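When you get a sec, could you build the whole thing from the sequences and use the hints?
There are 2 protein chains.
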Amino acid sequence: MAPSPNQEASNTPDDTVTLGAVGEFGLIARVTRERIQPAATLLGPGDDSAVVAAPDGRVVACVDVLVEGVHFRLDWSSPVDVGRKAAAANLADIAAMGAVPTGLLVGLAAPRDTPVEVLEGLADGLWAEAGLVDVGLVGGDVASSSQLVVSVTALGTLEGREAVTRSGARPGDVVAVCGRLGWSAAGLAVLTRGFRSPGAVVDAHRRPQPPYAAGPAAAVAGATAMIDVSDGLLADLAHVAEASGVRIDLRRTAFAIPDRLRDVGSALGVDPVDWMLTGGEDHALAATFPPSTPLPEGFTVVGAVEEGTGVTVDGEAHEGPSGWQHFT
Amino acid sequence: MAPSPNQEASNTPDDTVTLGAVGEFGLIARVTRERIQPAATLLGPGDDSAVVAAPDGRVVACVDVLVEGVHFRLDWSSPVDVGRKAAAANLADIAAMGAVPTGLLVGLAAPRDTPVEVLEGLADGLWAEAGLVDVGLVGGDVASSSQLVVSVTALGTLEGREAVTRSGARPGDVVAVCGRLGWSAAGLAVLTRGFRSPGAVVDAHRRPQPPYAAGPAAAVAGATAMIDVSDGLLADLAHVAEASGVRIDLRRTAFAIPDRLRDVGSALGVDPVDWMLTGGEDHALAATFPPSTPLPEGFTVVGAVEEGTGVTVDGEAHEGPSGWQHFT
Chain X
1 MAPSPNQEAS NTPDDTVTLG AVGEFGLIAR VTRERIQPAA TLLGPGDDSA
51 VVAAPDGRVV ACVDVLVEGV HFRLDWSSPV DVGRKAAAAN LADIAAMGAV
101 PTGLLVGLAA PRDTPVEVLE GLADGLWAEA GLVDVGLVGG DVASSSQLVV
151 SVTALGTLEG REAVTRSGAR PGDVVAVCGR LGWSAAGLAV LTRGFRSPGA
201 VVDAHRRPQP PYAAGPAAAV AGATAMIDVS DGLLADLAHV AEASGVRIDL
251 RRTAFAIPDR LRDVGSALGV DPVDWMLTGG EDHALAATFP PSTPLPEGFT
301 VVGAVEEGTG VTVDGEAHEG PSGWQHFT
Chain Z
1 MAPSPNQEAS NTPDDTVTLG AVGEFGLIAR VTRERIQPAA TLLGPGDDSA
51 VVAAPDGRVV ACVDVLVEGV HFRLDWSSPV DVGRKAAAAN LADIAAMGAV
101 PTGLLVGLAA PRDTPVEVLE GLADGLWAEA GLVDVGLVGG DVASSSQLVV
151 SVTALGTLEG REAVTRSGAR PGDVVAVCGR LGWSAAGLAV LTRGFRSPGA
201 VVDAHRRPQP PYAAGPAAAV AGATAMIDVS DGLLADLAHV AEASGVRIDL
251 RRTAFAIPDR LRDVGSALGV DPVDWMLTGG EDHALAATFP PSTPLPEGFT
301 VVGAVEEGTG VTVDGEAHEG PSGWQHFT
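Quick mapping for you: the protein sequence lines, in order, are chains X and Z. Each residue of the first sequence is one higher than the last, beginning at 1 in our numbering. Each residue of the second sequence is one higher than the last, beginning at 1 in our numbering.
No lab work stands behind these hints: they were computed from the structure. Keep in mind the model is a prediction, meaning the values are calculated, not measured. Ideal Cβ positions, reconstructed from N, Cα and C, are used throughout, including at glycine. Keep in mind that a hint or two might mislead.
To be verified - Far from chain X, some chain Z residues (derived; all Cβ distances over 10 Å): (1) 57; (2) 58; (3) 213.
Unchecked claim - Restraint ranges, calculated between C-beta atoms of paired labels, are given here: (4) 268(Z) x 117(X): 40 to 46 Å; (5) 300(Z) x 29(X): 53 to 59 Å; (6) 307(Z) x 159(X): 46 to 52 Å; (7) 308(Z) x 55(X): 54 to 60 Å; (8) 76(Z) x 30(X): 31 to 37 Å; (9) 308(X) x 213(Z): 48 to 54 Å; (10) 321(X) x 320(Z): 44 to 50 Å; (11) 292(X) x 36(Z): 36 to 42 Å; (12) 220(X) x 310(Z): 40 to 46 Å; (13) 270(Z) x 117(X): 37 to 43 Å; (14) 320(Z) x 113(X): 58 to 64 Å; (15) 292(Z) x 46(X): 28 to 34 Å; (16) 30(X) x 307(Z): 41 to 47 Å.
Here it is, written out as structure tokens:
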């Protein structure tokens, strides 16, 4: 049984209300109260499981884990930002299959002394991002831990289409991207150096803006393979190249450098194209299309699929890291 | 990009291969290799998302978070046991809706120095438990953290039936349970006192044996409400009583005390019925049925639904805790 809401034993000295004070059920009540579930949520939070519509007889599902100090810092990002980012990382994985999201679940592990308002902010962020694609937070679980860990599961529907996997790229296809590249990396570079501006790139790091609708649009247009850019374009396209048994060659000059990235790059002495090639967390979509396919709005051709293996830039191997280094 | 498999920098001095050494992709390769996916897995691990069958146009979904030191101890349970328990907790939540599981996803956060064999054992346990109900581990994510956190998502199908929620119990219904009660609590009591036997109750704590098939069977038989006993029978039935707007009264004499529990209770000076009423983690199923419903095999009547609120035992409030105390 959850402690009663007026239990104060676990409050910190400054009267911050903590997770320990309200308990699991108190938190769940706070973050589910007065939320409006969309039509796809057939049964929302409050039972052993949720029930979500899967209209074409299949469900698309993925999970992403974000850890405080590894994927986010609460001195750099607000709890709302963290919630948005956790949802965005998953919703982009649904979009990358050519699917449309139908619901989110969250598995949360948090220290007992976590202020409830941090967790409420996190839930607000999850709901805000979910609202962009008309889905709800349909279920979850909360446990006590030493470090804040947010594990989000996203569900989606393919609307009767085939899933666009990583393995369908064929020599002759074009490679195209949709959404921001390098913005989050530029923002992280700024924050790492102790700055808080320019706001545009710092905000991009805090709150990715994946082009959710572009995923289904690419599927409809005939995309042969697709991936969301979470680790870095080179690193993620390497998965497509490997799964498809092809080489992907990018053209450096095909990347139009946004003025903001050029300015930040100049200030920090970094070639902004490197951020665009190796920066993750913007959750752009990268897809391959048969040649002469009319591309959906927002996609720009940046390279071609060829015979061979690996990812090259202008025919050459890229020097240096190709993206986010897991566990290093 | 994942570190190359022969990278040794993160190995511990005794040459244990760690998560940090093999990296995220190395771990995923190890735990997905040579696994056979059942028919419901339309697209398994290795892409942005998985695709799972949802034959009646709906998907049942739930998430449970297990934290090392809170929900399990690796000196008391093997990694395989932890994996089984994490899967069981979720699969029981699917069964408690009257649904049949279709797939599992896992969000894992683990310290970099975690031996890979611990995580392989955990994956083996997830697969072993999933195999009991013919489902696969269809996807997941791995992140670096200071504490081992296992967040499992289970998916299921209602096979065309309505979900059995917590809110359908009506005065006059009988309350029945299926599966073990109190065994895990007795095992925990033994372990907490520094013993490792009797093996039957210790094993019950390490590896719950939820009666998965009893959930759909109860739904088919006409169960009006159902819940899985994860926190303790009294605590969990309190959710049913609250959601249904009824009182639930249990009969203490209706609980047949297994000899094992009686023996352990005698040795430790505990009334075994208290374990049966308040012990969680066995993941028994508790359901209500209209009077005179022929109960499915394995269900035993232990009480009745009445007008009122709360849960009573022989008409009286239960003294002491009613189950697992979250965050206390």
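Hints, verified against the model:
1. The claim that residue 57(Z) is not at the interface with chain X is violated, since a C-beta of that chain comes within 10 Å of its own (minimum 6 Å).
2. Residue 58(Z), annotated as away from the interface, has a beta carbon of chain X within 10 Å; the closest lies near 5 Å.
3. Even its closest Cβ contact with chain X, about 16 Å, leaves residue 213(Z) beyond 10 Å, as expected for a residue assigned away from the interface.
4. Range check, residue 268(Z) to residue 117(X): Cβ separation about 42 Å, and the 40 to 46 Å hint holds.
5. The beta-carbon spacing between residue 300(Z) and residue 29(X), approximately 33 Å, falls outside the hinted interval of 53 to 59 Å.
6. Evaluation of the 46 to 52 Å hint for residue 307(Z) and residue 159(X) yields a pass: the beta carbon distance comes to about 47 Å.
7. The hinted range of 54 to 60 Å is not satisfied by residue 308(Z) and residue 55(X), whose Cβ atoms lie roughly 41 Å apart.
8. The hinted window of 31 to 37 Å between residue 76(Z) and residue 30(X) holds, with their beta carbons roughly 33 Å apart.
9. The beta-carbon spacing between residue 308(X) and residue 213(Z), approximately 51 Å, falls within the hinted interval of 48 to 54 Å.
10. Look at residue 321(X) against residue 320(Z): about 57 Å separates their beta carbons, and that is not inside 44 to 50 Å.
11. Distance hint check: the CB atoms of residue 292(X) and residue 36(Z) are about 40 Å apart, consistent with the given range 36 to 42 Å.
12. The supplied range of 40 to 46 Å is broken by residue 220(X) and residue 310(Z), whose beta-carbon atoms lie about 54 Å from each other.
13. Here the CB-CB span from residue 270(Z) to residue 117(X) is close to 41 Å, well matched to the stated 37 to 43 Å.
14. Our hint of 58 to 64 Å for residue 320(Z) and residue 113(X) is violated, since their Cβ atoms are close to 27 Å apart.
15. Restraint check, residue 292(Z) to residue 46(X): a C-beta distance of roughly 30 Å satisfies the suggested window 28 to 34 Å.
16. Distance hint check for residue 30(X) and residue 307(Z): the Cβ-Cβ separation is about 30 Å, which falls outside the suggested range of 41 to 47 Å.
When held up to the earlier numbered hints, the structure conflicts with 1, 2, 5, 7, 10, 12, 14, 16 and fits the remainder.
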